[in-house]
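Peer 1: Letter by letter, the chains look like this.
2 protein chains.
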Amino acid sequence: MNAEFVNPFITGLLNVLETMAQTTLKPGKPKRKQSEIAKGDVSGLIGMVGPQVKGSLSITFDEELALTIMERMVGERPDTIDGEVGDMVGEVVNMICGNAKRDLSERGFEFGMATPIVVSGKQHTISHQVDGPKLIMPFHSEEGMAHLEICFDK
Amino acid sequence: MNAEFVNPFITGLLNVLETMAQTTLKPGKPKRKQSEIAKGDVSGLIGMVGPQVKGSLSITFDEELALTIMERMVGERPDTIDGEVGDMVGEVVNMICGNAKRDLSERGFEFGMATPIVVSGKQHTISHQVDGPKLIMPFHSEEGMAHLEICFDK
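Which chain is which? The protein sequence lines are A and B, in order.
Positions -13 to 140 (our numbering) are the ones given, in order, by the first sequence.
Positions -13 to 140 (our numbering) are the ones given, in order, by the second sequence.
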């Protein structure tokens, strides 16, 4: 998994949150260890299936950050992670993956996207079950952390 | 989403747990409401992408049931949901989806499977983000509940 492939996802996350929620995330150091796991309170997950590879993508937010993004997008802050926050997270992961898909398709790398799944629950962990490369990228903000994870089966 | 399409997944779950872990699940009443959500302690999720449709599948287990399945498969009961239990859940969802894929392919319905993702966390909820049909199927056992959820975008 090279930078050319991963960058559209990272750029997508930064752009989407900047544009939709005036929220600037600061990228941390990417981690490639199989043992690393993303932890947070609400996650958007999406599967990818292409002729060459298959894989999965997840974005996990701390509750405070998710609520702040929601507040900046709709003008009102929910008390807790509810269905609307979940829908927002599903929409964000869908947009990021969709943008990256278009970008990579132009470079001859094709994949289809499954429908997004949203997971809510205090400090849940996400483990992508792949033998291939795995990248976890932490993002910092004043309101909490986000973790982007991208994995492929080869 | 008709029974012909859903049944291979349901049969798959029952067969896999019966064969691998001598565990008999009792299917409950399927629910089709968009508002229903699956809740549990460990889930296996997988995305599906086909030429006609895309969708997602999840299987969510209560902790007690997941630990019992693990105990019956490997002969030792973990104290809690650890990485090995997660791998087992990922493998179960992969097997069920793989069997259903073969079965449905023989009937002319093709889809590709993304790589599985496992979520761990006390009483997390799963929300499949689709506009199309959604089926949640509860399964009962003495050791706890499992929920199978299958969704497609049309």
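Derived by calculation from the structure, the hints in this document are not laboratory data.
Be careful, since some hints might not be right.
The list treats identical chains as interchangeable, and a pair is accepted whether it falls inside one copy or across any two copies.
To be verified - The calculated SDA-like cross-link candidates involving lysine to any residue, where the alpha carbons are at most 25 Å apart (straight line), are:
(1) LYS19 x GLY69
(2) LYS17 x ASP73
(3) LYS25 x ASP65
(4) LYS19 x MET6
(5) LYS25 x ARG88
(6) LYS12 x GLU129
(7) LYS12 x PRO124
Only a predicted model underlies this, so the values are computations on that prediction, with no experimental measurement involved.
Peer 1: Decide, hint by hint, whether the structure agrees.
Peer 2: Against the structure, the hints:
1. LYS19 x GLY69: between (33 Å within a copy, 15 Å between copies)
2. LYS17 x ASP73: between (28 Å within a copy, 21 Å between copies)
3. LYS25 x ASP65: both (21 Å within a copy, 21 Å between copies)
4. LYS19 x MET6: neither (32 Å within a copy, 30 Å between copies)
5. LYS25 x ARG88: neither (28 Å within a copy, 34 Å between copies)
6. LYS12 x GLU129: within (12 Å within a copy, 44 Å between copies)
7. LYS12 x PRO124: Classified as within: same-chain Cα gap 8 Å, cross-chain 42 Å, threshold 25 Å.
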